[in-house]
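**Student:** Line by line, the protein sequences are chains Z and G.
Numbering (the numbering used here) for the first sequence: 1 to 92.
Numbering (the numbering used here) for the second sequence: 1001 to 1287.
No lab work stands behind these hints, which were simulated from the structure alone.
Mixed in with the good hints there might be a few duds.
Stated by the list, open to error - Pulled a few chain G residues facing chain Z out of the computed Cβ check, cut under 7 Å:
no., residue
1, Asn1031
2, Val1036
3, Pro1041
4, Asp1042
5, Gly1060
6, Ala1061
7, Pro1065
8, Gly1187
9, Leu1189
Unchecked claim - Straight-line alpha carbon distances no greater than 35 Å define the calculated DSBU-like cross-link-like pairs of lysine-lysine that follow:
no., chain 1, residue 1, chain 2, residue 2
10, G, Lys1175, Z, Lys73
11, G, Lys1214, Z, Lys73
12, Z, Lys61, G, Lys1275
As the list claims (entries may be wrong) - Partner residues aside, some chain Z positions facing chain G, computed with beta carbon under 8 Å:
no., residue
13, Ala38
14, Ser44
15, Val48
16, Val49
17, Leu50
18, Phe57
19, Gly59
20, Leu62
21, Gly75
22, Glu77
23, Asp78
24, Ile85
Just so it is clear, CB atoms sit at the ideal spot from N, CA and C, and this is done for glycine as well.
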Amino acid sequence: MSNRTPEQLYADLATVMANAFPDRDISVTVGPETRVFADLGMASIELVVLGERLEQFYGRKLPFGLFLAGLRKQGAEDLELGNLIAFLETHV
Amino acid sequence: MPDVVVNGTRLFYQQMGEGPDVVLIHAVTSNQAVWVFTGLPDAIAAEGFRVTTYDLRGHGASDRPPTGYTSAAMADDFRALHAELGLKPAYIVGHSFGGVIGIHTATLFPECVEGIILSDSFFPGLRHVEPNFGRSNVWVDLSATFREIGVELGETVNFTRLFQASTELTPEQNKALDALVGPIGRGWLRQLPLLAQTTCGDEVLAEAGLTAEKIASVTQPVIALYDEFSPFLATCRWLEQNVPNCTAEIIPEAKHLAVVENTVAFTASVIRHLKQLTAPLGQALNV
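Just chain Z, same shape as in the assembly (with noise of 0.2 Å):
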């Protein structure tokens, strides 16, 4: 488990996605039940950016395909960041 608080990993995300997508502004609007697709109005290209950029950030290999593949698996058809944070918090 990380060391990182919930609080720290979506300061984290917000600042990671605030650098790799800079026409979006997450960090007053995000929630646990935010969408990426729905709400944030991602593409599912911008998520594989997104996972490199989060292991730029970090310095190590996520299993990041692996994560979404599984959402998809279960037949998620969004991804909300509540479900991110948790991934995080696993593996940094």
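Once you have looked at the hints, place chain G on chain Z.
**Tutor:** Leaving out everything else, chain G in the frame of chain Z:
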């Protein structure tokens, strides 16, 4: 972000695993997310391969130059990417147009290609043997979606028409289309007007020197995976009969995008063929 600049164009790529090189090439209007979300790169890497995925020029997170979208030009992009990344002769897994790029690369730069796995590719150079050339089921579905918002795309694949039509949509049509395609499809829709600024639409349907004779001259192993409900089964049969080292196989319960429509069967088939292609000769022959 891992980037490589080839022929003056920045391409976004990812790499994982260690072992013989496998490169996954997506189709027109798609990007490498189609592989990532199905888990195929991880599954192949887990079997002892180094897997590279990348976004073709004009697609995904790569640059979008105005020209250079024929299979010949993109084969040259592959050659340059292959050199820049220091890959060994690679096994290419190409979906649809990605397979055309794979075959074209094998004819132009055979030193880069160890083998090719096609997924439901149709070849402009084989339009004389393919009665359903340009009649993709995916296109039929897409045309029906656009028809619901009052836009006619026609029955035959016409990317230029699709890209241009997407630039002419009213805000009301865009909103209706968003609702029809859902949250994931919206990201796909957003790129279409951008491709209208390029020659992609016409060039990807050009023969570009990849004639039937050239296709039949490929000597590397070719695995032709075609979908059970594919409109391109005549192409599959032609490849099996005319390409000297070609093995054909049908992926069940899929109609053009097997990696998404039947992920389990497609993944199992790709891995089985990659293992056979890389096995020592005696092992491959079960002796």
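**Student:** Each hint should be assessed against the structure and marked as holding or not.
**Tutor:** Okay, the hints, checked on the actual structure:
{"no.": "1", "hint": "Asn1031", "result": "holds, 5 Å"}
{"no.": "2", "hint": "Val1036", "result": "holds, 5 Å"}
{"no.": "3", "hint": "Pro1041", "result": "holds, 6 Å"}
{"no.": "4", "hint": "Asp1042", "result": "holds, 5 Å"}
{"no.": "5", "hint": "Gly1060", "result": "holds, 4 Å"}
{"no.": "6", "hint": "Ala1061", "result": "holds, 5 Å"}
{"no.": "7", "hint": "Pro1065", "result": "violated, 18 Å"}
{"no.": "8", "hint": "Gly1187", "result": "holds, 2 Å"}
{"no.": "9", "hint": "Leu1189", "result": "violated, 9 Å"}
{"no.": "10", "hint": "Lys1175/G to Lys73/Z", "result": "holds, 28 Å"}
{"no.": "11", "hint": "Lys1214/G to Lys73/Z", "result": "violated, 40 Å"}
{"no.": "12", "hint": "Lys61/Z to Lys1275/G", "result": "holds, 26 Å"}
{"no.": "13", "hint": "Ala38", "result": "holds, 4 Å"}
{"no.": "14", "hint": "Ser44", "result": "holds, 4 Å"}
{"no.": "15", "hint": "Val48", "result": "holds, 5 Å"}
{"no.": "16", "hint": "Val49", "result": "holds, 5 Å"}
{"no.": "17", "hint": "Leu50", "result": "violated, 10 Å"}
{"no.": "18", "hint": "Phe57", "result": "violated, 12 Å"}
{"no.": "19", "hint": "Gly59", "result": "violated, 15 Å"}
{"no.": "20", "hint": "Leu62", "result": "violated, 11 Å"}
{"no.": "21", "hint": "Gly75", "result": "violated, 13 Å"}
{"no.": "22", "hint": "Glu77", "result": "holds, 7 Å"}
{"no.": "23", "hint": "Asp78", "result": "holds, 6 Å"}
{"no.": "24", "hint": "Ile85", "result": "violated, 20 Å"}
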